[in-house]
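Asks: Sequence:
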Amino acid sequence: MGGNKNTKFYLGLNHRHEGTVFPTDMAYKRTGGRLNVEHTDSDNKFHVNIGVVYTKDENNLITGVDAVSVATLAPNYPAYNPDGSLNWILPSNPYGWLKQKALTKTSNLNLNGVLRYSIVPGLNARVNLGYSEVGMDMLSTMPASSQWPLLQPMSSATFGANKAINQLVEPQIEYSNQFGLHNLKVLFGGTYQVNKQNGHSITGINYPNESLLQTLTYAGAIESKRTESAEYKYASFFSRVNYIAANRYLLSANYRRDGSTKFGPGKRYGDFWAVAGGWILSEEKFFAPVLRAISHAKIRASYGVTGNDQIPDYLYLATYASGQDYNNSVSLQPSLIANPDYSWETNKKLEIALELSLVQKRIDATIAWYRNRSGNQLVQYAIPFVSGFGSYQANLPAVIENKGLEVDVFSTNIKGKSFTWTSSFNLSIPRNKLVEYPDIEKSSYANTYIVGKDLSSIRRLQYLGVDPQTGLYKFEDQDRDGKLTFPNDYIVAGRTSPYYFGGLANMLIWRNWQLDVHFHYIKQFSLDNLSIGDAAPDIYLNKRDNVFDRWTTPGQTAAYQKPTASPFSDAGRLIPTLSMSDRQLINSSFIRLKNVSLSYRLPQRWLTKMKFTNVRLFIEGQNLWTYATTKGVDPETINGFASTVPVLKTFAGGINVSL
Numbered sequence: 001m002g003g004n005k006n007t008k009f010y011l012g013l014n015h016r017h018e019g020t021v022f023p024t025d026m027a028y029k030r031t032g033g034r035l036n037v038e039h040t041d042s043d044n045k046f047h048v049n050i051g052v053v054y055t056k057d058e059n060n061l062i063t064g065v066d067a068v069s070v071a072t073l074a075p076n077y078p079a080y081n082p083d084g085s086l087n088w089i090l091p092s093n094p095y096g097w098l099k100q101k102a103l104t105k106t107s108n109l110n111l112n113g114v115l116r117y118s119i120v121p122g123l124n125a126r127v128n129l130g131y132s133e134v135g136m137d138m139l140s141t142m143p144a145s146s147q148w149p150l151l152q153p154m155s156s157a158t159f160g161a162n163k164a165i166n167q168l169v170e171p172q173i174e175y176s177n178q179f180g181l182h183n184l185k186v187l188f189g190g191t192y193q194v195n196k197q198n199g200h201s202i203t204g205i206n207y208p209n210e211s212l213l214q215t216l217t218y219a220g221a222i223e224s225k226r227t228e229s230a231e232y233k234y235a236s237f238f239s240r241v242n243y244i245a246a247n248r249y250l251l252s253a254n255y256r257r258d259g260s261t262k263f264g265p266g267k268r269y270g271d272f273w274a275v276a277g278g279w280i281l282s283e284e285k286f287f288a289p290v291l292r293a294i295s296h297a298k299i300r301a302s303y304g305v306t307g308n309d310q311i312p313d314y315l316y317l318a319t320y321a322s323g324q325d326y327n328n329s330v331s332l333q334p335s336l337i338a339n340p341d342y343s344w345e346t347n348k349k350l351e352i353a354l355e356l357s358l359v360q361k362r363i364d365a366t367i368a369w370y371r372n373r374s375g376n377q378l379v380q381y382a383i384p385f386v387s388g389f390g391s392y393q394a395n396l397p398a399v400i401e402n403k404g405l406e407v408d409v410f411s412t413n414i415k416g417k418s419f420t421w422t423s424s425f426n427l428s429i430p431r432n433k434l435v436e437y438p439d440i441e442k443s444s445y446a447n448t449y450i451v452g453k454d455l456s457s458i459r460r461l462q463y464l465g466v467d468p469q470t471g472l473y474k475f476e477d478q479d480r481d482g483k484l485t486f487p488n489d490y491i492v493a494g495r496t497s498p499y500y501f502g503g504l505a506n507m508l509i510w511r512n513w514q515l516d517v518h519f520h521y522i523k524q525f526s527l528d529n530l531s532i533g534d535a536a537p538d539i540y541l542n543k544r545d546n547v548f549d550r551w552t553t554p555g556q557t558a559a560y561q562k563p564t565a566s567p568f569s570d571a572g573r574l575i576p577t578l579s580m581s582d583r584q585l586i587n588s589s590f591i592r593l594k595n596v597s598l599s600y601r602l603p604q605r606w607l608t609k610m611k612f613t614n615v616r617l618f619i620e621g622q623n624l625w626t627y628a629t630t631k632g633v634d635p636e637t638i639n640g641f642a643s644t645v646p647v648l649k650t651f652a653g654g655i656n657v658s659l
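Each residue of the sequence shown is one higher than the one before, starting from 1 at the first, in the numbering used here.
Worth double-checking, as some hints may not be accurate.
In silico BS3-like links for lysine-lysine, alpha-carbon gap of 27 Å or less [said to hold, decoys possible]:
id	residue 1	residue 2
1	K348	K298
2	K105	K163
3	K523	K403
4	K56	K267
5	K105	K225
6	K196	K163
7	K415	K433
8	K349	K185
9	K5	K105
10	K649	K29
11	K163	K225
12	K29	K99
13	K403	K483
14	K233	K196
15	K543	K562
16	K349	K298
17	K349	K433
18	K649	K543
19	K185	K29
20	K523	K349
21	K5	K483
22	K474	K631
23	K611	K543
24	K225	K349
25	K233	K348
26	K99	K649
27	K185	K101
28	K609	K8
29	K562	K631
30	K348	K433
31	K562	K483
32	K417	K609
33	K196	K267
34	K56	K99
35	K361	K285
36	K5	K56
FYI, nobody ran anything at the bench for these hints, they're computed from the structure.
Let the sequences and hints guide you as you build the complete structure.
Replies: In structure tokens form, the structure reads like this:
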């Protein structure tokens with residue numbers, strides 16, 4: 001970092017090397033640099049800021065490892081045969097996955113610039129410029145020896161490359177002026193963005209030797225080729241007006257018209273707007289009696305309509321892709337149904353908030369209530385496969401509501417000459433539901449969503465436990481017809497969206513020492529198929545120790561039914577039924593010590609001698625402690641099959657030096 005009064009510059013370099021918990025030499029490496037130059041002319045009329053960021057990544061971490069299969073594999077399972085080959089008694093072998101290699105090299109260049117010129121006092125023109133280029137080369141190999149032999153696999157390798165170029169131009173002109181107690185700002189601008197993508201991939205198969213998988217030359221045949229090219233254009237006109245009266249009444253309004261090539265002709269443009277207002281109560285005379293207790297109070301509210309076009313390109317067209325070879329010729333097959341009628345997804349947002357500063361500004365708090373209602377959701381609408389397709393792009397004729405309460409509190413608990421203690425706390429209580437969906441019972445989502453319920457609501461059989469007399473699982477027959485069928489016997493068992501979440505952070509500073517401690521918490525329920533696997537009969541798989549709580553004698557109360565080695569026994573046939581019951585929904589709430597950091601800044605008298613402006617030593621740890629009710633799975637990464645590698649406990653240390 002350096003420069004003078006008119007010109008400043010910053011140059012930074014970084015390198016990162018990250019290993020893996022798997023017993024291989026896989027790693028993630030990233031090297032990059034950043035340059036920023038800022039210049040203002042002597043009469044302060046012209047200003048330019050240019051930034052360049054370049055990073056280069058190399059990633060050979062495998063992604064195909066199933067964490068559940070690794071965790072449930074019996075501890076004495078022989079991974080290798082006596083002759084050194086992989087043991088394939090089961091369809092999967094973790095050491096087989098480790099033989100599958102994947103290497104991705106990525107380069108990322110980002111250029112951005114801001115040019116601003118003051119035409120006359122109060123009238124400024126500026127233009128934001130942006131350019132980014134991302135290139136990726138990929139190699140993925142799958143040796144035959146890494147796959148289940150019963151499938152008669154062939155060694156294969158996939159080679160691919162991608163390049164994406166994004167260009168942005170955003171001119172703006174802003175007028176601002178103050179008339180007595182009135183302050184006015186008016187902004188007009190536009191955006192033009194072009195995104196171009198090109199990519200290709202090719203897969204070679206039937207290699208004569210697995211050591212030759214790094215090149216396409218020795219492939220016995222080409223299994224597939226794929227070339228893609230897409231261009232996305234976005235244009236927008238926008239305007240904004242900000243008005244402040246007497247430093248306590250605030251009003252803002254904006255309007256924009258957006259156009260996107262993600263939609264078909266006649267559907268590309270959308271109009272969106274928003275209004276917002278605020279009132280600083282603490283500036284009013286009637287508020288003076290409570291200023292000692294409440295030094296700042298503000299009420300704000302906003303309402304607006306925003307649009308969304310975040311879908312792939314050209315989905316409104318009927319497209320074709322290369323099919324199977326026929327008589328030494330490549331065939332074409334339909335890949336997408338045309339639908340030129342879908343358009344912008346809309347979201348109507350309402351927010352009301354109260355901002356307070358208490359006890360002589362030692363406590364700052366914000367309490368906000370919001371309600372967002374989205375319509376015309378852009379979805380892949382499911383259709384019967386008899387049509388030749390599984391889905392097509394469309395707007396969902398539904399109204400979905402997301403609302404909630406958010407609380408943020410920052411407090412200065414102790415502020416002394418040599419010791420300071422501050423805390424920050426946040427809490428979010430989100431809720432969502434399907435407000436309406438006309439004729440949902442006739443749609444493809446009749447058995448997926450329920451009007452008036454949370455979108456993540458889970459319909460399951462009601463689990464009644466293990467029958468003490470028979471030792472078999474029991475489920476509630478809701479319609480009393482002697483059969484368990486959907487939807488007659490299914491209930492809304494719960495939901496998987498969070499009930500609430502937040503964090504608590506503390507920062508303690510004593511002289512040159514600083515300690516930061518951050519906790520994260522969440523109240524939620526999740527689907528856990530690992531518990532269903534514990535109940536399934538299998539002589540080769542490892543089980544969690546809770547399976548010892550099994551029924552063995554009449555009259556016994558147990559968590560699991562009587563053991564069986566056959567999926568066709570009375571007990572075995574109930575395992576699939578158990579997977580469709582509310583037994584699968586578990587409490588995955590947790591509190592996690594997310595981050596602890598301890599740092600020390602060298603005294604100023606030392607820095608002066610070393611000619612440094614700042615030297616900071618630090619050590620930190622992440623994911624150090626977790627309290628959760630789940631057993632055998634990580635509550636933060638759990639999903640339906642709990643196949644995600646849990647978050648890792650990490651430690652780091654370093655030194656920051658400023659010249």
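Asks: Next step is simple, just say for each hint if it's right about the structure.
Replies: These are the hints, each one checked on the structure:
A hinted pair counts as satisfied when its Cα atoms are at most 27 Å apart, and K348 with K298 qualifies at roughly 23 Å. A C-alpha spacing of about 12 Å is found between K105 and K163, which places the hinted pair at or below 27 Å, so the restraint holds. As the CA atoms of K523 and K403 are separated by approximately 17 Å, the hinted pair is consistent with the 27 Å bound. Using a Cα cut-off of 27 Å, the hinted pair K56 and K267 is violated, with the two alpha carbons roughly 39 Å apart.
For the given pair, K105 sits about 20 Å from K225 by alpha-carbon distance, which is consistent with the 27 Å threshold. With a C-alpha separation of about 8 Å, the suggested pairing of K196 with K163 holds against the 27 Å cut-off. At roughly 45 Å between alpha-carbon atoms, K415 and K433 are farther apart than 27 Å, so this suggested pair is violated. Straight-line distance between C-alpha atoms of K349 and K185 comes to about 24 Å, which keeps the hinted pair within the 27 Å bound.
Between the alpha carbons of K5 and K105 the distance comes to roughly 41 Å, so the proposed pair goes past 27 Å and is violated. Distance check on the hinted pair: K649 and K29 sit about 19 Å apart at the alpha-carbon level, within 27 Å; holds. With a C-alpha separation of about 17 Å, the suggested pairing of K163 with K225 holds against the 27 Å cut-off. A hinted pair counts as satisfied when its Cα atoms are at most 27 Å apart, and K29 with K99 qualifies at roughly 20 Å.
With a CA separation close to 39 Å, the supplied pair K403 and K483 exceeds the 27 Å bound. Using a Cα cut-off of 27 Å, the hinted pair K233 and K196 holds, with the two alpha carbons roughly 9 Å apart. Distance check on the hinted pair: K543 and K562 sit about 15 Å apart at the alpha-carbon level, within 27 Å; holds. Between K349 and K298 the alpha-carbon distance is near 20 Å, which keeps this suggested pair within the 27 Å criterion.
Of the supplied pair hints, the one linking K349 and K433 holds, its CA atoms being roughly 15 Å apart against a limit of 27 Å. Restraint check for K649 and K543: satisfied, since their Cα atoms lie roughly 24 Å apart, inside the 27 Å limit. With a C-alpha separation of about 47 Å, the suggested pair K185 and K29 falls outside the 27 Å cut-off, and the hint is violated. For the hint pairing K523 with K349, the CA-to-CA distance comes to about 25 Å; that is within 27 Å, so the pair holds.
For the hint pairing K5 with K483, the CA-to-CA distance comes to about 82 Å; that exceeds 27 Å, so the pair is violated. Proximity of K474 to K631 is assessed by CA-CA distance (about 23 Å); at most 27 Å being required, the pair is judged to hold. Restraint check for K611 and K543: not satisfied, since their Cα atoms lie roughly 61 Å apart, outside the 27 Å limit. With a C-alpha separation of about 45 Å, the suggested pair K225 and K349 falls outside the 27 Å cut-off, and the hint is violated.
Restraint check for K233 and K348: satisfied, since their Cα atoms lie roughly 25 Å apart, inside the 27 Å limit. Proximity of K99 to K649 is assessed by CA-CA distance (about 26 Å); at most 27 Å being required, the pair is judged to hold. This hinted pair does not check out: K185 and K101 have alpha carbons roughly 57 Å apart, beyond 27 Å. A hinted pair counts as satisfied when its Cα atoms are at most 27 Å apart, and K609 with K8 qualifies at roughly 25 Å.
As the CA atoms of K562 and K631 are separated by approximately 21 Å, the hinted pair is consistent with the 27 Å bound. A hinted pair counts as satisfied when its Cα atoms are at most 27 Å apart, and K348 with K433 qualifies at roughly 15 Å. Only pairs whose Cα atoms come within 27 Å are accepted, and K562 paired with K483 is accepted, the gap being roughly 22 Å. Proposed proximity of K417 and K609 is supported: the alpha carbons are some 25 Å apart, at most 27 Å.
With a CA separation close to 21 Å, the supplied pair K196 and K267 stays within the 27 Å bound. A distance of roughly 25 Å separates the Cα atoms of K56 and K99; the hinted pair therefore holds under the 27 Å criterion. Taken as a hint, the K361 and K285 pair is honoured in the structure, with Cα atoms around 19 Å apart against an allowance of 27 Å. For the hint linking K5 to K56, the alpha-carbon distance of about 34 Å lies beyond 27 Å, and the restraint is violated.
Checked against the numbered hints listed earlier, the structure breaks hints 4, 7, 9, 13, 19, 21, 23, 24, 27, 36; every other hint is satisfied.
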